[in-house]
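Protein chains in written order, with the UniProt record's numbering: chain A, 1 to 61; chain B, 1 to 305; chain C, 1 to 288.
Because the hints were derived from the structure by calculation, they are not lab data.
Do not rely on the hints blindly, as some may be mistaken.
FRET-style restraints, in silico, Cβ to Cβ [said to hold, decoys possible]:
# : chain 1 : residue 1 : chain 2 : residue 2 : range
1 : B       : 162       : C       : 131       : 38 to 48 Å
2 : C       : 208       : B       : 225       : 18 to 28 Å
3 : B       : 277       : C       : 2         : 48 to 58 Å
Note that the Cβ used here is the ideal one computed from N, Cα and C, for glycine as well.
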Amino acid sequence: MLAQETLRPLANPAGTAAIGSLMVEPEAAVSGAPLPAPEAAGFLLALLLLSPKEPKEPKGK
Amino acid sequence: MTISAPVATAARAMADRALSWLHAHRALGALPPGTTEELTDPDGVYKPLGESTLAASVILRDGMAGPGQLAAAQSLMDFTWLQLRKGDMLYERQLRHTLMTDPLEMYAHFVRCGYRHAELDRLLAHRARLRSVHSVELLPNRRLAVANAARIAGLDHGEDFGALARTTWLGATPEPWAINWITAYAMTHTVFHLTDWGGRPEGLPAPLTSYVRTWLPVWIDIWREVQQWDLVAELLIVGASLSEPYCNPDDWEAMAALQHEDGLVPCDGDPVDDDPARRFKEHQHTTVVAAVAGSIALARAARAQ
Amino acid sequence: MSSRAAYAAAADELASRVLRALRGAGGAALVAPHLDSSPDALAALAAVRVIGADTFTPHILTGAPFHAADAAAVARAFEEFPVPGSGPSARPDERTAAWRDWATAQLLARTRGYVGNPVATVPPEAGDDLTDTTDWQRWSVRMAQLAPLATPCLDGPVRDAARGAALPLSRGLTRSVLRRDFPTAVRLLRWLALLRHDGIALPVDPEPVLEHVRLLGGASPRTALDLAVAAHLLGDGTHAGTTNTRGTNARSTNGNGTDPDNRADSDTSAGAGTGTGTTPHLPTEAQA
Numbered sequence: 001m002l003a004q005e006t007l008r009p010l011a012n013p014a015g016t017a018a019i020g021s022l023m024v025e026p027e028a029a030v031s032g033a034p035l036p037a038p039e040a041a042g043f044l045l046a047l048l049l050l051s052p053k054e055p056k057e058p059k060g061k
Numbered sequence: 001m002t003i004s005a006p007v008a009t010a011a012r013a014m015a016d017r018a019l020s021w022l023h024a025h026r027a028l029g030a031l032p033p034g035t036t037e038e039l040t041d042p043d044g045v046y047k048p049l050g051e052s053t054l055a056a057s058v059i060l061r062d063g064m065a066g067p068g069q070l071a072a073a074q075s076l077m078d079f080t081w082l083q084l085r086k087g088d089m090l091y092e093r094q095l096r097h098t099l100m101t102d103p104l105e106m107y108a109h110f111v112r113c114g115y116r117h118a119e120l121d122r123l124l125a126h127r128a129r130l131r132s133v134h135s136v137e138l139l140p141n142r143r144l145a146v147a148n149a150a151r152i153a154g155l156d157h158g159e160d161f162g163a164l165a166r167t168t169w170l171g172a173t174p175e176p177w178a179i180n181w182i183t184a185y186a187m188t189h190t191v192f193h194l195t196d197w198g199g200r201p202e203g204l205p206a207p208l209t210s211y212v213r214t215w216l217p218v219w220i221d222i223w224r225e226v227q228q229w230d231l232v233a234e235l236l237i238v239g240a241s242l243s244e245p246y247c248n249p250d251d252w253e254a255m256a257a258l259q260h261e262d263g264l265v266p267c268d269g270d271p272v273d274d275d276p277a278r279r280f281k282e283h284q285h286t287t288v289v290a291a292v293a294g295s296i297a298l299a300r301a302a303r304a305q
Numbered sequence: 001m002s003s004r005a006a007y008a009a010a011a012d013e014l015a016s017r018v019l020r021a022l023r024g025a026g027g028a029a030l031v032a033p034h035l036d037s038s039p040d041a042l043a044a045l046a047a048v049r050v051i052g053a054d055t056f057t058p059h060i061l062t063g064a065p066f067h068a069a070d071a072a073a074v075a076r077a078f079e080e081f082p083v084p085g086s087g088p089s090a091r092p093d094e095r096t097a098a099w100r101d102w103a104t105a106q107l108l109a110r111t112r113g114y115v116g117n118p119v120a121t122v123p124p125e126a127g128d129d130l131t132d133t134t135d136w137q138r139w140s141v142r143m144a145q146l147a148p149l150a151t152p153c154l155d156g157p158v159r160d161a162a163r164g165a166a167l168p169l170s171r172g173l174t175r176s177v178l179r180r181d182f183p184t185a186v187r188l189l190r191w192l193a194l195l196r197h198d199g200i201a202l203p204v205d206p207e208p209v210l211e212h213v214r215l216l217g218g219a220s221p222r223t224a225l226d227l228a229v230a231a232h233l234l235g236d237g238t239h240a241g242t243t244n245t246r247g248t249n250a251r252s253t254n255g256n257g258t259d260p261d262n263r264a265d266s267d268t269s270a271g272a273g274t275g276t277g278t279t280p281h282l283p284t285e286a287q288a
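Sequences are here, hints too, so could you generate the full structure?
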């Protein structure tokens, strides 16, 4: 049998809420979607219409 | 999905205001005095000139703008044509650099709207017969760009568009989750050139159309979230260029809402500078893309009726 | 440490145990030792509620025994933390949690030898929110939260919704990988792996995604467990289980329960088998 026999059921709203939040964890709040990268710059030297401008300096993330 | 009324409304606002801005600020895109065919910084002014030309030519081709806007588009083309010394500059550059492709690529949009340069026509016809020209090692989506430009300019480069399409990233219908920022641009350009900027949606082979329809919503979503508006606007062109367009009203309205009162469309989520020259330098490209996107969506909406 | 942080740590601990069991370490009881060894009894019980249906995955996927003591421990967790109400007016998050509780209770009820108090197994009212995939982004995030239900033996409205939504799930997965949200991606991969397991055509090939997130996805125990389940469902036994590849596993559990040695000693589960009669891969109570 379990060692926790002495535990009694009791209302534990905070605990229940914590369980609920762990069950429905949201997706990551910040996206790591691909951004302009310096390695793209060489590619851009090929002159093409409507290609992106050269990426700016990487922004701090 | 066809093109809904909210999309058409957003498209018209985008195209009209973007064109107005490009036209109003065209002088900021003038070549420095004394510029010769030996461009030291081709991406600086010369390429943007070509892009403004592209926007104006698509608007004139699609004919969806009102009379005032069509006149502005024509005026913008007249301006860029004069900047290129009525084609002399393109001619000199092509004459000097046989294997370069940008003179042809820029000229094509003028040809579409009736601007011709006789010597350049002759030079391009000569060039089109050279094995060397056709054997230059270009990235596949660049090869498509040249092939489409040749098609617009009435030159037979004998390219097999279907075979070319298969050599691109998109042609491989690759894992959609393994795309990066620059490859997304390669993908948009494959669609631009195969469909001639939305003018011939059937030019995108059916399996690629199906692939793009499947994954475009994801790509728009993730780059919208990180405010890569320039890329998002290109993705909107892609959606509008499919045989069955994918134009989600929420995307179009979000893009239209970003547009500044004067018509500028910001390239990303960073603050927009107040200095007119910097505004033009940094956001002219995205504004061109927005103009093209709006025009194509309106043309598709009209064609569907 | 807040209770949430303590519960999260305990959930990781239990996930690690489940993962070891899934990889074949055993046959020993799983949940009961987790409770016995934990310095924080409440957190340990909370962890059982959080891991929920996944507590049963070694049993479901590899036929490892689910002991009566384990069942009693799961029931104990329900007693300590009763299932909150989740009527039609419940918030989406509450309904999501309710589906997870339903899944756990379903599996508990089917366990032979379990003689504890029954836990309500009435499914939450299935609303449009399960089947309306118009907002595929939000919908797929919700399905990720329902990943413990992506297991072969749990039929019901959630699985039905997934079966009809290969495209939204694939878009959600692609989106999560591109956002570099690997925990969410792995949860969605579980659903796609289940669909593939069920022979449903997918717009995206799940195997390369599996390897990709395995290489890049970080190492939280709960994510590792999701990954192992996905690998199992895709028939990749090299990382998840030892010998139970997709084919052999399917046959060993299909329709006739598992090895008698794995069973607890009696079958008293009231309500066992409700809604499960047609599934090809059942836990112990296949014939109930």
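Comparing the hints with the structure gives:
{"no.": "1", "hint": "162(B) with 131(C): 38 to 48 Å", "in the structure": "39 Å, holds"}
{"no.": "2", "hint": "208(C) with 225(B): 18 to 28 Å", "in the structure": "24 Å, holds"}
{"no.": "3", "hint": "277(B) with 2(C): 48 to 58 Å", "in the structure": "53 Å, holds"}
In this structure, every one of the numbered hints holds.
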